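Participant: Given chain A's structure and the hints, the job is docking chain B onto it.
So you can see what is in the structure, the chains are spelled out below.
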Amino acid sequence: MSSTQTQTQTTAVPVRGKKASATPGTIILWVLAALYAFPLLWFILSSFKPGSELFSLPLSILPETWTLSGYESAWSRFNFARYFANTGIVAVVTTALTVLVSSMTGYALAKYKAWWLNVFFMCILATTMLPTEVIMPSTFVVIRDLGLYDSLPGIIIPSIVTATGVFMFRQYFKTVPDELLEAARIDGVGEIRTFFSIMLPLAKPMAVTLAIFSFQWRWNDYIWPLLVLNDPNQYTLQIALRSIVGADNIDWSVLLAASVISLLPMIILFLIFQRQIMSADMNSGLKD
Amino acid sequence: MTASTAEPVEQTAPAPQHPRRRRSSIRRGQTIAPLIFIAAAVVLFALFFVWPGVFGFIYSLSDYRGFGTPDIIGFDNYTRLFGDPEFYSALGRTFLFVGLSVPLHFIIPLGLAVLLTTKLARGQTAARAVFFLPWLISPIVNGVIWRWLFGENFGFFNYFLSIFGIGPVQWQTNGELALVVVLIAGTWGGTAFTMLLFIAALRNIPQSYLEAAAIDGAMGWKRFRRITLPLLAPTSFLVVLLTTIGGMKEFAMIQALNGGGPGTENVLMVQYIYRTGFERGDIGYASAASMVLMVILIVIALIQMRFDRKDVQ
Numbered sequence: 001m002s003s004t005q006t007q008t009q010t011t012a013v014p015v016r017g018k019k020a021s022a023t024p025g026t027i028i029l030w031v032l033a034a035l036y037a038f039p040l041l042w043f044i045l046s047s048f049k050p051g052s053e054l055f056s057l058p059l060s061i062l063p064e065t066w067t068l069s070g071y072e073s074a075w076s077r078f079n080f081a082r083y084f085a086n087t088g089i090v091a092v093v094t095t096a097l098t099v100l101v102s103s104m105t106g107y108a109l110a111k112y113k114a115w116w117l118n119v120f121f122m123c124i125l126a127t128t129m130l131p132t133e134v135i136m137p138s139t140f141v142v143i144r145d146l147g148l149y150d151s152l153p154g155i156i157i158p159s160i161v162t163a164t165g166v167f168m169f170r171q172y173f174k175t176v177p178d179e180l181l182e183a184a185r186i187d188g189v190g191e192i193r194t195f196f197s198i199m200l201p202l203a204k205p206m207a208v209t210l211a212i213f214s215f216q217w218r219w220n221d222y223i224w225p226l227l228v229l230n231d232p233n234q235y236t237l238q239i240a241l242r243s244i245v246g247a248d249n250i251d252w253s254v255l256l257a258a259s260v261i262s263l264l265p266m267i268i269l270f271l272i273f274q275r276q277i278m279s280a281d282m283n284s285g286l287k288d
Numbered sequence: 289m290t291a292s293t294a295e296p297v298e299q300t301a302p303a304p305q306h307p308r309r310r311r312s313s314i315r316r317g318q319t320i321a322p323l324i325f326i327a328a329a330v331v332l333f334a335l336f337f338v339w340p341g342v343f344g345f346i347y348s349l350s351d352y353r354g355f356g357t358p359d360i361i362g363f364d365n366y367t368r369l370f371g372d373p374e375f376y377s378a379l380g381r382t383f384l385f386v387g388l389s390v391p392l393h394f395i396i397p398l399g400l401a402v403l404l405t406t407k408l409a410r411g412q413t414a415a416r417a418v419f420f421l422p423w424l425i426s427p428i429v430n431g432v433i434w435r436w437l438f439g440e441n442f443g444f445f446n447y448f449l450s451i452f453g454i455g456p457v458q459w460q461t462n463g464e465l466a467l468v469v470v471l472i473a474g475t476w477g478g479t480a481f482t483m484l485l486f487i488a489a490l491r492n493i494p495q496s497y498l499e500a501a502a503i504d505g506a507m508g509w510k511r512f513r514r515i516t517l518p519l520l521a522p523t524s525f526l527v528v529l530l531t532t533i534g535g536m537k538e539f540a541m542i543q544a545l546n547g548g549g550p551g552t553e554n555v556l557m558v559q560y561i562y563r564t565g566f567e568r569g570d571i572g573y574a575s576a577a578s579m580v581l582m583v584i585l586i587v588i589a590l591i592q593m594r595f596d597r598k599d600v601q
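Which chain is which? The protein sequence lines are A and B, in order.
For what it's worth, my numbering labels the leading residue of the first sequence as 1, then goes sequentially.
For what it's worth, my numbering labels the leading residue of the second sequence as 289, then goes sequentially.
Simulated from the structure, these hints should not be mistaken for lab results.
Owing to the predicted nature of the structure, the values given are computational and were not obtained by experimental measurement.
Among the clues, some could well be false.
Between beta-carbon pairs, the in silico distance windows are [to be verified]:
# : chain 1 : residue 1 : chain 2 : residue 2 : range
1 : B       : PRO391    : A       : ARG77     : 34 to 44 Å
2 : B       : GLY387    : A       : ALA34     : 25 to 35 Å
3 : A       : LYS204    : B       : GLY380    : 44 to 54 Å
4 : A       : PRO201    : B       : TYR366    : 49 to 59 Å
C-beta: ideal position from N, C-alpha, C; glycine also.
The following block holds chain A by itself, in its conformation from the complex (with noise of 0.2 Å):
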């Protein structure tokens, strides 16, 4: 094996002599990129064409002229500022929740032995083939009658725990060794404070993990937030979005440029995270 094994980095399997030729790959690779990306660059390009050109044949891909009415027209006939706030609160308290209360239930999955954990856990491992959308006219009767309809604890509460961030953490503390469990334990150290000082602060990376994914879920999140809030100051984003394409006229020059809007905290979000994004250990069973 050795002796056909290559020093070189650049080929990965050898090849008798003769490197493989990674042009058709590449060409294919980048057609590709450039079908995905064009989607997104057309709909942003748009957004910045003034109404008249939205419609105007030909289309061109630059705009001609360059403007930001759509923009201002959106962001003066929307409450913009107040969607930001009510999705930023709902995305960012059920994410710390999310987190505190999925690594505390897959610590003690992971940690602990008794059999009403067994159970629980086989409870949880069964919602993860039902989503809440199955059940959601009487998850509504739920939420109305605890009087958390039309509020945004309403949309908070019911997302908090998900199956994926239970098993995330579950499968990371099995691999911290129990023995730093025990020496804490030796040392006098109460269970719940092991846990808060020791072993959450080992389960940082995890913890980020699934911090960026349930802040895409809730930011994104449309269904429930559709079904709880009625009032349009507690509007999120994406309801607010779907109010402007339900119009019996769609005015395509806000929309494009309220959609546009409504992407940038995702895409800033991503550029700050990209390698943790990139690297995320997505084979810990991810659904929302």
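Facilitator: Only chain B this time, still in chain A's reference frame:
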């Protein structure tokens, strides 16, 4: 259970002052602590999974309209459901949509993952970011983007086709084409997710397996089929499971793209439940539809698990 972990602690502990009291407090701590850790999750789980599950079934047997006290009417909702052409249409469309979208969510991301992890292509880091971008976009904006591109009078695609003298194509008013647009939009938005799953799995394949196969003369497609694909089986299973579930609950993107249109032709199950339960306020009837969707999902999950067990072994 707790004793087995507490015992060695006592033996190695450097002479605690009150061995007996100490041990029992550790034991108690080890019983109570996990309860505290899972308390929040148990409460939330009971409130938002168990309760709605049980009440969903009860409502499905009632004429509940969201207010007042529901009257139990037996299986009338189910009888009505199975006589409703709109329900069959939604169910059929959902199966068609899932049946077409799962392969799309499998083959394209797998191909991309291979191109992005092997030496077959260059510029991988930049390309990966491009494929990743659609994942950031909300289903609503995804729907808006494709609605814009496939506009019948002003959309880019019809303009592009008109250059070659084709069209205008009725992307929104022809049911089959509207479904094609939904599939394209869904695949575009979902590629990154499954692609990352495949990339992670491909990275985990030991290089030595591939090298051994190369020595045996298995290269390219043959090596991929004989070595890589079987080793990807657990991830493939996960991808099929998650994309099936994802397809069964598709809602937001279609709402923004064509609202389930033309007419009700592209209304999928979740939208059907939404329309009957929330637009018409028929919670009892919508709950019956929910129960049917739930049973379908459970059956799909059980079938897939059987296949999974066969595949992995």
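Participant: Just pull the numbers of the violated hints for me, sorted ascending.
Facilitator: none
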